[in-house]
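Protein chains: 2
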Amino acid sequence: MTLFERFQKKDPVALSKFITYVENQSKDYEKFLSRIYPMTGKAYRIGMTGPPGSGKSTLTDKLAQKLSSQDRTVGIIAVDPTSPFTGGALLGDRIRMQALSSVKDVFIRSMASRGSKGGLAKTTKEVILVLDAFGKDYIIIETVGVGQVDLDVVDNCDTTLVVFTPESGDAIQAMKAGLMEIADIFVVNKADREGASNLIYELDSFLDLKRKKDNSFGKCWEYPVISVQATHNIGIDLLWKKIEEHKKFIQDNGIFEKKRKAQIKSEIKKLIENRIKEITEEKVKESFDIENIVEEVLAGKDDPYSASERFLREAKLI
Amino acid sequence: MTLFERFQKKDPVALSKFITYVENQSKDYEKFLSRIYPMTGKAYRIGMTGPPGSGKSTLTDKLAQKLSSQDRTVGIIAVDPTSPFTGGALLGDRIRMQALSSVKDVFIRSMASRGSKGGLAKTTKEVILVLDAFGKDYIIIETVGVGQVDLDVVDNCDTTLVVFTPESGDAIQAMKAGLMEIADIFVVNKADREGASNLIYELDSFLDLKRKKDNSFGKCWEYPVISVQATHNIGIDLLWKKIEEHKKFIQDNGIFEKKRKAQIKSEIKKLIENRIKEITEEKVKESFDIENIVEEVLAGKDDPYSASERFLREAKLI
Chain V
1382 MTLFERFQKK
1392 DPVALSKFIT
1402 YVENQSKDYE
1412 KFLSRIYPMT
1422 GKAYRIGMTG
1432 PPGSGKSTLT
1442 DKLAQKLSSQ
1452 DRTVGIIAVD
1462 PTSPFTGGAL
1472 LGDRIRMQAL
1482 SSVKDVFIRS
1492 MASRGSKGGL
1502 AKTTKEVILV
1512 LDAFGKDYII
1522 IETVGVGQVD
1532 LDVVDNCDTT
1542 LVVFTPESGD
1552 AIQAMKAGLM
1562 EIADIFVVNK
1572 ADREGASNLI
1582 YELDSFLDLK
1592 RKKDNSFGKC
1602 WEYPVISVQA
1612 THNIGIDLLW
1622 KKIEEHKKFI
1632 QDNGIFEKKR
1642 KAQIKSEIKK
1652 LIENRIKEIT
1662 EEKVKESFDI
1672 ENIVEEVLAG
1682 KDDPYSASER
1692 FLREAKLI
Chain C
1382 MTLFERFQKK
1392 DPVALSKFIT
1402 YVENQSKDYE
1412 KFLSRIYPMT
1422 GKAYRIGMTG
1432 PPGSGKSTLT
1442 DKLAQKLSSQ
1452 DRTVGIIAVD
1462 PTSPFTGGAL
1472 LGDRIRMQAL
1482 SSVKDVFIRS
1492 MASRGSKGGL
1502 AKTTKEVILV
1512 LDAFGKDYII
1522 IETVGVGQVD
1532 LDVVDNCDTT
1542 LVVFTPESGD
1552 AIQAMKAGLM
1562 EIADIFVVNK
1572 ADREGASNLI
1582 YELDSFLDLK
1592 RKKDNSFGKC
1602 WEYPVISVQA
1612 THNIGIDLLW
1622 KKIEEHKKFI
1632 QDNGIFEKKR
1642 KAQIKSEIKK
1652 LIENRIKEIT
1662 EEKVKESFDI
1672 ENIVEEVLAG
1682 KDDPYSASER
1692 FLREAKLI
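Protein chains in written order, with my numbering: chain V, 1382 to 1699; chain C, 1382 to 1699.
Keep in mind that a hint or two might mislead.
[What the hints assert, rightly or not] Chain V regions said to be covered by chain C (calculated; three or more residues, Cβ under 8 angstroms):
1. 1390-1403
2. 1628-1637
3. 1643-1651
[As the list claims (entries may be wrong)] Under the rule of at most 25 angstroms between Cα atoms (straight-line distance), these lysine-lysine pairs were calculated in the PhoX-like manner:
4. V/Lys1658 to C/Lys1642
5. C/Lys1408 to V/Lys1697
6. C/Lys1697 to V/Lys1646
[To be verified] Quick list of simulated restraints, FRET-style, between CB atoms:
7. V/Asp1392 to C/Asp1670: 34 to 44 angstroms
8. C/Trp1621 to V/Lys1629: 33 to 43 angstroms
9. V/Lys1390 to C/Glu1672: 42 to 52 angstroms
10. C/Glu1672 to V/Glu1659: 23 to 33 angstroms
11. V/Lys1485 to C/Ala1480: 54 to 64 angstroms
12. V/Asn1673 to C/Ser1397: 15 to 25 angstroms
13. V/Ala1643 to C/Lys1682: 11 to 21 angstroms
Source of the hints: derived by calculation from the structure; they are not laboratory data.
Owing to the predicted nature of the structure, the values given are computational and were not obtained by experimental measurement.
Every residue, glycine too, gets a C-beta built ideally from N, C-alpha and C.
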């Protein structure tokens, strides 16, 4: 049996191998993606973000266990903010992966973000496609909760959760972090701790403005704030109910299709851009003595703006 | 007197206008940058990053006041993680800017990061050049302390500070956040609070590994951990001393020049890439019915990989 046949027969080892293949952008991986593309489009994508230490991993695991107990298959992509300087994943993730590997039909993959500047690793989108083609019902994408506007999450997920804890700072900080804008569901984890009710109140006050303003699709989403205690499995059922409500909401109101179209569009553009970037890099290498130009710029005899214009003209691109 | 003459005569109003001009990427702004480029290269760039709430702003202000009292001129760029959905800056920054505006020779500019995915706003590099050409001795670039590997900071600054507080979580979280790798100087702010000594100990233990490993330039930098209480002006002198030591260290060991060269190189590449991106966007618009292709992909009759390849072939780019 070929590896691809094994993949089609839902062999997790084949899945793992193809993910590595795509992640490493090995030879002809784009042809592979082109081949599996018709098999995609069925998985529902849940984004999980929030500040470091908010308990995203625990929450993801509890959701995965719940889904597994309902005979639904789950793929988890945990984007690991591994430094581009050191490489390698952290021990904690290894331990976690071992624990989850025993849960039925849950597949977890940790990905290093590798200096990619968005919170998502460079090939996350592609790995989502592989998990989707494999037949996973739900894909949970857990990102570096960065406080930064993780637009990638919005772009690639159907329902996005932001996880806060009473310790993660007040609502103003959350606003500053831009997390408030990207989420569909707000989770207050470790809700038994001091400051939880205050945080919920602040989140709710801020969301009231958003709830009123948000009528871009005619129908309004409630933007719920859900209290959970992930480690004690408290609140997971309600959270899951809200995720399903949001799923229904976006499907009923045409938002789901709109999102998918936007994803496809940006994917095509990205692919074209990346290739053109590669082609340009080659051209620069071939016909542009960049080291020399850098010396000239440093010496005050040239500047980056004139130099780049010159290159574009010489390469007949403008 | 023209605006440019006023800029050359160090009129802060002219500075402010040119920053806005560059920030908005208004007509011919690249020509302006090309013109001022020979006037740049003298300013020393200090990066200030750290988790939200760690007191980066206060620390920046204290450093600026110190520099001002020594007759050194300072430009501050405070990158504000304003959401791309709402725009607009937060009230706190406005108040702060008013307070600082009375300090001699300190110019502060708040920039929205506007959906740019790195922690730095899109035109931060260009604004640095404007402040440099204006004649600022020091430029402090304060970024969204995001926990995410803010490589942009490393790329654009000469000395990078990371600010932690005892509340910002343990050292493991900091490691996870990738902040440990990008900084030259580690600051523990609010050092009178509980947990400070523990945090310093953890930072130091981690840095010991880094200190041993780091010999990429033959000479080793000490990676100091400095305790401060920014609001009470405690520790600022020592911090400043360490910044000057680091400045001397990188200048004496050729690292400064190496950094500048890398910055220029990446700037030229970026400029070329951006223009090519624009050109491609136009080409796609002209000759590629992307809406129709998206429909085909959604219907399972096409896929992004084949579609982008087709475009590149048709545009004779490959």
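Hint check:
no.: 1; hint: 1390-1403; result: violated (count 0)
no.: 2; hint: 1628-1637; result: violated (count 0)
no.: 3; hint: 1643-1651; result: holds (count 5)
no.: 4; hint: V/Lys1658 to C/Lys1642; result: holds, 21 angstroms
no.: 5; hint: C/Lys1408 to V/Lys1697; result: holds, 23 angstroms
no.: 6; hint: C/Lys1697 to V/Lys1646; result: holds, 21 angstroms
no.: 7; hint: V/Asp1392 to C/Asp1670: 34 to 44 angstroms; result: holds, 39 angstroms
no.: 8; hint: C/Trp1621 to V/Lys1629: 33 to 43 angstroms; result: violated, 58 angstroms
no.: 9; hint: V/Lys1390 to C/Glu1672: 42 to 52 angstroms; result: violated, 37 angstroms
no.: 10; hint: C/Glu1672 to V/Glu1659: 23 to 33 angstroms; result: holds, 26 angstroms
no.: 11; hint: V/Lys1485 to C/Ala1480: 54 to 64 angstroms; result: holds, 59 angstroms
no.: 12; hint: V/Asn1673 to C/Ser1397: 15 to 25 angstroms; result: violated, 36 angstroms
no.: 13; hint: V/Ala1643 to C/Lys1682: 11 to 21 angstroms; result: holds, 19 angstroms
Taken one by one, the earlier hints fail for this structure at numbers 1, 2, 8, 9, 12, listed in ascending order.
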